[in-house]
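I would like the entire structure built from these sequences, with the hints used as guidance.
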Amino acid sequence: MVSEKMNSKFFFIQLFLVLNEFNRNFLQSKSVLFFLQKIF
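At position 38 of the sequence shown (counting the first as 1) the number is 38 in my numbering, and the numbers step up by one without a gap.
Just so you know, these hints were derived from the structure itself, not from any lab. All residues carry an ideal CB built from backbone N, CA and C; glycine is no exception. Some clues are possibly wrong.
[To be verified] Here are the in silico distance ranges between beta carbons for each label pair:
(1) 24 with 3: 30 to 38 Å
(2) 13 with 34: 25 to 33 Å
(3) 38 with 9: 18 to 26 Å
(4) 3 with 34: 29 to 37 Å
(5) 36 with 5: 16 to 24 Å
Structure representation (structure tokens):
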């Protein structure tokens with residue numbers, strides 16, 4: 001069975017990958033770094 005923590009981590013990774021693709025296509029790669037800095 002997968003724990004909640006692993007589920008949320010997986011979800012976050014998926015979300016990051018989607019945002020990364022979005023930024024690559026729509027904006028610049030630097031946007032991802034800026035986004036990560038805002039989160040952490």
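**Message:** Assuming the hint says 18 to 26 Å, is it satisfied by the Cβ distance from residue 38 to residue 9 or not?
**Reply:** holds, 19 Å
**Request:** May I ask you to test the hint 25 to 33 Å on the CB atoms belonging to residue 13 and residue 34?
**Result:** Once the Cβ atoms are compared, 19 Å apart, the range 25 to 33 Å for residue 34 and residue 13 is violated.
**Asked** Range hint 30 to 38 Å: satisfied by the CB atoms of residue 24 and residue 3?
**Response** Holds - the Cβ-Cβ distance for residue 24 and residue 3, about 31 Å, lies within 30 to 38 Å.
**Message:** I want to verify a distance hint. Is the separation of the beta carbons of residue 36 and residue 5 within 16 to 24 Å?
**Reply:** holds, 20 Å
**Message:** For the hint 29 to 37 Å, verify it against the beta carbon of residue 3 and that of residue 34.
**Reply:** For residue 34 against residue 3, whose Cβ atoms are near 31 Å apart, the range 29 to 37 Å holds.
Checked against the numbered hints given earlier, the structure breaks only hint 2 and satisfies all the rest.
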